[in-house]
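Undergrad: Here's the letter readout for the chains.
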Amino acid sequence: MSPFPTHLLSMDDLDADGIIEVLEVADSFAEVGRRANPKVPTLRGRTVATLFFEDSTRTRMSFETAAKRMSADVLSFAAGSSSVKKGESLRDTVETIEAIGIDAVIIRHASSGVPARVAGWVDHCSVINAGDGWHQHPTQALLDLYTVRQALGGGDVGLARFEGLRVAIVGDIRHSRVARSQITAYAALGAEVTLVAPATLLPPSLEGWPVAAVGHDLDAVLATADVVSLLRVQQERGSGEFVPSLREYTAGFGLTVRRAALLRKDAVILHPGPIVRGVEIASDVAELPAALITEQVSNGVAIRMAVLFLLLGQATREGALHG
Amino acid sequence: MADSGSGPAVLMIRGGTVIDATGERTADVLVRQGRVEAVDADLATPRGATVLEADGCVVVPGLVDLHTHLRQPGREESETVETGARAASLGGFTAVVAMPNTEPAIDSAEAVRNVLELGAKTTAEVAVAGAITVGRNGERLAPLGEMAEAGVTLFTDDGAGVQSAGLMRRAFEYAGGLGVTLAQHCEDGSLAGGGAMHEGAWSSRLGIPGMPAEAEEVMVARDIALARATRGRIHFLHLSTAGSVDLVRRAKSDGLAVTAEAAPHHFTLTDACTAGYDPVFRVNPPLRPQADVDAVKAGLADGTIDAIATDHAPHAPELKDLPFDQAPPGMLGLQTALSLALTELDMPIQRILALLSWQPAAIVRLDPAHGGGQGGPIEPGSVANLCVIDPVATWTVDPAALASRSRNSPFGGRTLRGRVRHTVFRGEPVVVDTEVQR
Chain A
5 MSPFPTHLLS MDDLDADGII EVLEVADSFA EVGRRANPKV PTLRGRTVAT
55 LFFEDSTRTR MSFETAAKRM SADVLSFAAG SSSVKKGESL RDTVETIEAI
105 GIDAVIIRHA SSGVPARVAG WVDHCSVINA GDGWHQHPTQ ALLDLYTVRQ
155 ALGGGDVGLA RFEGLRVAIV GDIRHSRVAR SQITAYAALG AEVTLVAPAT
205 LLPPSLEGWP VAAVGHDLDA VLATADVVSL LRVQQERGSG EFVPSLREYT
255 AGFGLTVRRA ALLRKDAVIL HPGPIVRGVE IASDVAELPA ALITEQVSNG
305 VAIRMAVLFL LLGQATREGA LHG
Chain B
-11 MADSGSGPAV LMIRGGTVID ATGERTADVL VRQGRVEAVD ADLATPRGAT
39 VLEADGCVVV PGLVDLHTHL RQPGREESET VETGARAASL GGFTAVVAMP
89 NTEPAIDSAE AVRNVLELGA KTTAEVAVAG AITVGRNGER LAPLGEMAEA
139 GVTLFTDDGA GVQSAGLMRR AFEYAGGLGV TLAQHCEDGS LAGGGAMHEG
189 AWSSRLGIPG MPAEAEEVMV ARDIALARAT RGRIHFLHLS TAGSVDLVRR
239 AKSDGLAVTA EAAPHHFTLT DACTAGYDPV FRVNPPLRPQ ADVDAVKAGL
289 ADGTIDAIAT DHAPHAPELK DLPFDQAPPG MLGLQTALSL ALTELDMPIQ
339 RILALLSWQP AAIVRLDPAH GGGQGGPIEP GSVANLCVID PVATWTVDPA
389 ALASRSRNSP FGGRTLRGRV RHTVFRGEPV VVDTEVQR
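Chains A and B, in that order, are what the protein sequence lines are. Basically our numbering = 1-based index in the first sequence + 4. 178 is the number that our numbering gives to position 190 of the second sequence; each next residue is one higher, with no gaps.
Quick caveat, the hints were computed from the structure, so don't treat them as lab data. One should not assume that every hint holds.
[To be verified] For the chain A half of the interface with chain B, some residues (derived, Cβ under 7 Å), not all of them: (1) T97; (2) R121; (3) R170; (4) P202; (5) A203.
[Stated by the list, open to error] Coverage of chain B stretches by chain A, computed from C-beta distances (three or more under 8 Å per stretch; other residues unrestricted): (6) 167 to 179; (7) 260 to 273; (8) 276 to 283; (9) 368 to 375.
[Said to hold, decoys possible] Pair ranges (Cβ atoms, derived): (10) G158(A) to G401(B): 48 to 56 Å; (11) A388(B) to S6(A): 51 to 59 Å; (12) G158(A) to Q151(B): 56 to 64 Å; (13) D234(B) to A20(A): 39 to 47 Å; (14) D17(A) to S241(B): 22 to 30 Å.
From the three backbone atoms N, C-alpha and C, an ideal C-beta is built for every residue, glycine too.
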């Protein structure tokens, strides 16, 4: 097995073994989360900073909860209220934060590639990508895999079922960092990924993408899918330029009550949230047992604990031995 | 323009091979009072002459850059006319054309004269391109006649293309009456808008908004149609796609008055360079895939493309420290253009020099046929704008060591072949043994 990477910037940083390692470590942290006092001393004395240049209450809370459950100190850096507003450069901001003495920085930015650039600037801390532009959101893909594995029977049983699993990713793939991470992640575990979207919401090129098929007929894909992963229709791109209207989008690509009836009995529905009810998913469909949206959120904490542990935990163990 | 220089009265360039549009011969070059006095083998060195050794070197007409951003006025933290001219001299250029996308834009005779005055104090001839539209806003014609009167022969809204076909048609008609040339930065805003790199496999993977090749090609096609209709003259700036090269090739075979240039980065780098999100690789037009790079090289080789132009575009370091899609596009080019051409183009050196010297000189009318002193030939009586190149010397690019105020060269760390050893501007040795003299 190759060593766990220094940074988690993209799903390309993990091979199948690395992904499985995250899922297995997450199992033990999920158990922690179920305790009355869900806290372990694993990262005591370590400091983690969240550096969010783009609003995201959910992802930030998930990461910060994960770090706190492992007893890490958490610095929360909101770009809006910081010296970034006063014109400080990204590089200066990062170097300042590193100089404070942190072990990991969790970054979200509206521009693709910022976590990768930051990883090139820091000397000793790990960089975790919490979503960059249209590029990647690796912990979201990992928690999706974890949720699907759980639904498929958990543990090695669930893991084995990824081979040949039919996964449909539906919606605005062009502008989606979640889709880019999911596609790599599912394919790494042997799943067959089908993309379903209006042609305008596909990336300009799929050259080199591990995708089995691209379709525009959602009904046909639903009949055989094991996993249906929906993407949020971003309202700002929802009409006019890419699709004529949200109504037309829903008619063609929304998971309506009628369409949900086409699903196989054991198929599951995922959505990274926040969901826009009535657009990409009907309200009633979001409430079905097959919809694992809430499970995704709670699994997110365990996955992020696992990622933090694998990036920082090794040094912690050594520190504990010599401390 | 072709007056004598301020350097030493007598200069002897000894032991080199002279190459210009007329051919190649082993000869010394004697310069007196800013002009070439004699070109011959084994000339006697007059007493008191300054001697420039040219053993193993080629002695050629000074290079001419059709496309330089000197950033003055308005962006002096990135470059000035003086620092840009110094970089030009070190790169072997004795003339550059300053682009008008300054702040404010060069869209009046007064603005033209201001830059010409600054240029007159430097180590190279600084010609000025004027804007086609007021403020480069693409809305109404700038005073082309007034600027032509001040010496402008080339007009462009470079940095952006003129979006309105109707306005561009009027510009063609008006420019035809003045006998000046329009130059276009071909980029259809409705196709390219918001894009930060070439749209394709890499942009899709990296999640960076793309600019499709067609954003360039539709404007090339449009302007060829307008040139045909108006019998106008058009120069295409920085062609970067295979489709554009094809369109220009056909327009030339139809006999239209079309010329074109390509920038060194478009025949040396591909969009794969963007993989690490380093904004030093952000440029407009964007770096393209290998097939386009090959097509640009083919266009240079078969004469479709008339000139290599640097598109030298300095940006201060703090501007290039931004996220890729927020950093301004542009790269330094003056000090690397010649070496990149010698390293990467599989062409005889005389053809490369044609692309870098006498062909661009003719396009901007700085050549002797138009009363200028650029582009050679090197013969008795010609203005001594000369460059002495060691064609086999290698050097490694260090962006921090370049003369520009900025450091945004994408070629840092690259070892290139061919080095400018001396540059002579109007008889003055402005670069001697790779060192700039003032």
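Undergrad: None of the hints should be skipped; say for each whether it holds.
TA: Verification of the supplied hints:
1. T97: At 11 Å from the nearest chain B Cβ, T97(A) fails the 7 Å test, so the hint is violated.
2. R121: 5 Å, holds
3. R170: Nearest chain B Cβ about 23 Å off; hint violated.
4. P202: Because about 16 Å separates P202(A) from the closest Cβ in chain B, which is outside the 7 Å limit, the hint is violated.
5. A203: 14 Å, violated
6. 167 to 179: With 0 residues in contact (Cβ-Cβ under 8 Å with chain A), the coverage given for the region 167 to 179 of chain B is violated.
7. 260 to 273: That given contact holds, which follows from 3 residues of the region 260 to 273 of chain B lying within Cβ reach (below 8 Å) of chain A.
8. 276 to 283: With 0 residues closer than 8 Å to chain A, the region 276 to 283 of chain B misses the three-residue bar; violated.
9. 368 to 375: n = 0 at 8 Å, threshold three: violated.
10. G158(A) to G401(B): 48 to 56 Å: Holds, at about 50 Å.
11. A388(B) to S6(A): 51 to 59 Å: 36 Å, violated
12. G158(A) to Q151(B): 56 to 64 Å: 58 Å, holds
13. D234(B) to A20(A): 39 to 47 Å: Given about 45 Å between the Cβ atoms, the range holds.
14. D17(A) to S241(B): 22 to 30 Å: For S241(B) against D17(A), whose Cβ atoms are near 51 Å apart, the range 22 to 30 Å is violated.
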